[in-house]
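Residue numbers (my numbering), protein chains in the order written: chain A, 1 to 386; chain B, 1 to 386.
Source of the hints: derived by calculation from the structure; they are not laboratory data. Just so we're clear, the structure is a prediction, and the values are computed from it rather than from any experiment. Treat each hint with caution, since some may be false.
The list cannot tell twin chains apart, which means a pair is met if one copy fits it or any two copies do.
[What the hints assert, rightly or not] In the DMTMM-like style, the derived pairs of lysine to aspartate or glutamate whose C-alpha atoms are separated by at most 20 Å in a straight line are:
id : residue 1 : residue 2
1  : Lys3      : Asp105
2  : Lys362    : Glu225
3  : Lys228    : Glu42
4  : Lys266    : Glu43
5  : Lys276    : Glu305
6  : Lys362    : Asp279
7  : Lys276    : Asp105
8  : Lys303    : Glu28
9  : Lys357    : Glu252
10 : Lys266    : Glu42
11 : Lys308    : Asp69
12 : Lys303    : Glu224
13 : Lys266    : Asp45
14 : Lys357    : Glu121
15 : Lys228    : Glu191
16 : Lys228    : Asp105
17 : Lys3      : Glu225
18 : Lys266    : Asp105
19 : Lys303    : Glu42
Protein chains: 2
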Amino acid sequence: MRKVAVVGGGQTKFGELWDTSFRQMIIEAGTRALEDAGISGEEIDAMYVGNMSSGQFIQQEHIASLIADHSGLAPVPCTRVEAACASGGLALREAMVAVASGIHDVVVAAGIEKMTDVITEVGQEALATVSDQEWEAFVGATFPSFFALMARRHMHEFGTTEEQMALVAVKNHHNACLNAYAQHHVELTVERVLQSPLVSSPLKMLECASLTDGAACLVLVPLEEARKYTDTPVEIAGSGQASDTIALADRESLVGLRATREAARKAYRMARIEPKQVDVAEVHDSTTISELMALEDLGFCRKGEGGKITEEGLTAIDGTLPVNPSGGLEGRGHPIGATGIAQALEIVLQLRGEAGKRQVRKAEVGLTHNVGGSGGTAVVHLFRRR
Amino acid sequence: MRKVAVVGGGQTKFGELWDTSFRQMIIEAGTRALEDAGISGEEIDAMYVGNMSSGQFIQQEHIASLIADHSGLAPVPCTRVEAACASGGLALREAMVAVASGIHDVVVAAGIEKMTDVITEVGQEALATVSDQEWEAFVGATFPSFFALMARRHMHEFGTTEEQMALVAVKNHHNACLNAYAQHHVELTVERVLQSPLVSSPLKMLECASLTDGAACLVLVPLEEARKYTDTPVEIAGSGQASDTIALADRESLVGLRATREAARKAYRMARIEPKQVDVAEVHDSTTISELMALEDLGFCRKGEGGKITEEGLTAIDGTLPVNPSGGLEGRGHPIGATGIAQALEIVLQLRGEAGKRQVRKAEVGLTHNVGGSGGTAVVHLFRRR
Chain A
1 MRKVAVVGGG
11 QTKFGELWDT
21 SFRQMIIEAG
31 TRALEDAGIS
41 GEEIDAMYVG
51 NMSSGQFIQQ
61 EHIASLIADH
71 SGLAPVPCTR
81 VEAACASGGL
91 ALREAMVAVA
101 SGIHDVVVAA
111 GIEKMTDVIT
121 EVGQEALATV
131 SDQEWEAFVG
141 ATFPSFFALM
151 ARRHMHEFGT
161 TEEQMALVAV
171 KNHHNACLNA
181 YAQHHVELTV
191 ERVLQSPLVS
201 SPLKMLECAS
211 LTDGAACLVL
221 VPLEEARKYT
231 DTPVEIAGSG
241 QASDTIALAD
251 RESLVGLRAT
261 REAARKAYRM
271 ARIEPKQVDV
281 AEVHDSTTIS
291 ELMALEDLGF
301 CRKGEGGKIT
311 EEGLTAIDGT
321 LPVNPSGGLE
331 GRGHPIGATG
341 IAQALEIVLQ
351 LRGEAGKRQV
361 RKAEVGLTHN
371 VGGSGGTAVV
381 HLFRRR
Chain B
1 MRKVAVVGGG
11 QTKFGELWDT
21 SFRQMIIEAG
31 TRALEDAGIS
41 GEEIDAMYVG
51 NMSSGQFIQQ
61 EHIASLIADH
71 SGLAPVPCTR
81 VEAACASGGL
91 ALREAMVAVA
101 SGIHDVVVAA
111 GIEKMTDVIT
121 EVGQEALATV
131 SDQEWEAFVG
141 ATFPSFFALM
151 ARRHMHEFGT
161 TEEQMALVAV
171 KNHHNACLNA
181 YAQHHVELTV
191 ERVLQSPLVS
201 SPLKMLECAS
211 LTDGAACLVL
221 VPLEEARKYT
231 DTPVEIAGSG
241 QASDTIALAD
251 RESLVGLRAT
261 REAARKAYRM
271 ARIEPKQVDV
281 AEVHDSTTIS
291 ELMALEDLGF
301 CRKGEGGKIT
311 EEGLTAIDGT
321 LPVNPSGGLE
331 GRGHPIGATG
341 IAQALEIVLQ
351 LRGEAGKRQV
361 RKAEVGLTHN
371 VGGSGGTAVV
381 HLFRRR
């Protein structure tokens, strides 16, 4: 396998982009990525696009063709991959494998979701289709309720508190205020999080990621070619993907995600990197408990200690392991298919030292963690500055 | 890149499978594929699944997780790819690239679609989402109408006749009668095809593929390992993928598909095979004109001569270039995501000499051709007996 590097990236502003179409969003993110990599469209050999539910959100499947067309890049091959909220992470993985295999040289990994053109009920119905239709969605379960069950069990087993969970929202919204592309620019307090409307007990509104429009793109090339494009290439040193039961009721444990642990194990092994070597991480904080469980499942602390290290400030931008400096899904917003790519873009910026006000101090090794549904899929990538 | 071989395959019966669920279908096809390859589930390293619109057809996205779960294979990574009717062909390509890259060794390439659990109108609406939503579907264009426009132009430029087109339906339905897994077991005549109800002039009902349920799976391994599994490995010698404008109105020509020509060029070059070396082909006959154009775009005859060589019987099972011996999309049925995999399975059976009553005489080299939408995506694969 050839080694692979990221040599450019770009994204749209994340938010309720009512005056920007799906087509415009991908062009905007793609153009920024190409400009950042200093390449033209003719140099692109293939594209991979992560998207969850364009068929349900904008009545458009076959978006790979639409994107190749509206980018003016046809007949370049373009492939859509879907794994619920992990669609973007999987697009990155497939793009990496394509470059690693040698079948393509310059590949764009993209992610996009247009969620706010439908009324909220339609959006919620679309989101429910990534849970088990026959055993979960059919009986009315919504996504926050799955994580609420996990939160209750985590509180029961480890004494995790609602205040510790709220601190995740406070930290990630603070970080988002330092990110011009983030959806939510508002400083929170623990009190305000705890007093926000209950979504599914114990999770409150300000602890759950919102509906968001957005797109993000990265440019990948073989590592050995990377210095032709940039002085600051970032190697994709490891990639791990795993699945789990789609229905929560079939899992052995509710206090963590097996798919995360398995994907992380593979990524660490491939990169020959250990958790303690990671300098900065973007993890899948679809809810506050999701981030706490991710810290544990990724090996950054022992099981049950996610709340404690958050409380101690270790995961703040000036902490020993900054987590979600971009603002995460909660602060930056969560345009589903785009999230996995935006996570990687943040790590690339951090490792290049270009993250501005939210730059972490020492950044040689970064990690991204993208979860589909309630944990039926997980994708973990490791990045290294070269 | 490592060379890749198919060492096993299996499929469900194609048809209106009202008593079989999506979950049951994929298990049935997968079990047959594993039995054929002589392997157990524990040996599988990864799965790729082609599916167009499970979100719209059965209110279930994230099917990769569902399939890994219900196969009992979690945490094995499973990835869904979508490119309208070319979803299966793309799943095969991604699975091939994964094995070629070295990141995985034993990979299942699957395709599935459950289309008949919704009323026909919902099915038609789902199908329309793979055309350009803003410029085609929104104004009421349906899929047969795109191919009707191409047929009219083909008739105008080359004198192609309705009888020549009808002969494609007659041939493919005849072949399907020899295939126990095919949906339509009925012998047709040119008269009966011409007298069937008009769908979109000049295309009649018996010239258009039907709504179908079905699943198909293949097992891929590195070619150098293939003889551990089977005495009759089939190499995937070439793979080509291309895109085109999603909207028909933006194309330079209506008498062929640029994406097909471009994908074929890449596949032939990779395999170092020329069109005249192909012994048997499964092409994307979503309508009768689709097959005639494919014959031309794949280099089997000159542009405009597709009708003529069909009339001469060259594409019959006992002709010099048997095309769609399985019955094709028209006779075997067209469960969208499954079609590209079922095409490859037929070529594998033909090259292994296991196609029973529909076995073609000399079969060393085979080709599959899978089209998404009205030609916005095309995938071509070349196979060689080893």
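A quick look at each hint next to the structure:
Taking identical chains as interchangeable, the C-alpha atoms of Lys3 and Asp105 lie at most 20 Å apart whether they share a chain (11 Å) or sit on different chains (18 Å). Proximity of Lys362 to Glu225 under the C-alpha cut-off of 20 Å is found in neither arrangement, the shortest distances being 26 Å within a copy and 45 Å between copies. For the identical chains of this complex, Lys228 and Glu42 are intra-copy neighbours only, at 16 Å inside a copy versus 43 Å across copies, given an alpha-carbon limit of 20 Å. Proximity of Lys266 to Glu43 under the C-alpha cut-off of 20 Å is restricted to the inter-copy arrangement: shortest distance 17 Å between copies versus 32 Å within a copy.
Taking the shortest Cα distances, Lys276 and Glu305 sit within 20 Å of each other inside one copy (15 Å), while across copies they are farther apart (66 Å). Taking the shortest alpha-carbon separations for Lys362 and Asp279, only the intra-copy value of 7 Å comes in at or below 20 Å, while the best inter-copy value is 60 Å. Taking identical chains as interchangeable, the C-alpha atoms of Lys276 and Asp105 are never at most 20 Å apart, the minima being 32 Å within one chain and 30 Å between chains. Taking CA atoms no more than 20 Å apart as the test, Lys303 paired with Glu28 passes in neither setting, with 41 Å inside one copy and 39 Å between copies.
Taking the shortest alpha-carbon separations for Lys357 and Glu252, neither the intra-copy value of 42 Å nor the inter-copy value of 50 Å comes in at or below 20 Å. Proximity of Lys266 to Glu42 under the C-alpha cut-off of 20 Å is restricted to the inter-copy arrangement: shortest distance 17 Å between copies versus 35 Å within a copy. Within a single copy, Lys308 and Asp69 get their C-alpha atoms no closer than 50 Å, and across copies no closer than 33 Å, so neither meets the 20 Å cut-off. For the identical chains of this complex, Lys303 and Glu224 are neighbours neither inside a copy (39 Å) nor across copies (43 Å), given an alpha-carbon limit of 20 Å.
When the C-alpha separation of Lys266 and Asp45 is checked against a cutoff of 20 Å, the pair qualifies only between copies, where the shortest distance is 12 Å, while the shortest distance within a copy is 28 Å. When the C-alpha separation of Lys357 and Glu121 is checked against a cutoff of 20 Å, the pair qualifies neither within a copy, at 37 Å, nor between copies, at 53 Å. For a Cα distance limit of 20 Å, the shortest separation of Lys228 from Glu191 qualifies neither inside one copy, at 51 Å, nor across copies, at 64 Å. For the identical chains of this complex, Lys228 and Asp105 are intra-copy neighbours only, at 13 Å inside a copy versus 32 Å across copies, given an alpha-carbon limit of 20 Å.
Taking identical chains as interchangeable, the C-alpha atoms of Lys3 and Glu225 lie at most 20 Å apart only when both belong to the same chain, with a minimum of 10 Å there against 24 Å between chains. For the homomeric pair Lys266 and Asp105, the shortest alpha-carbon distance between copies (15 Å) is at most 20 Å, but the shortest distance inside one copy (24 Å) is not. For the identical chains of this complex, Lys303 and Glu42 are neighbours neither inside a copy (48 Å) nor across copies (28 Å), given an alpha-carbon limit of 20 Å.
Of the numbered hints listed earlier, those contradicted by the structure are 2, 7, 8, 9, 11, 12, 14, 15, 19.
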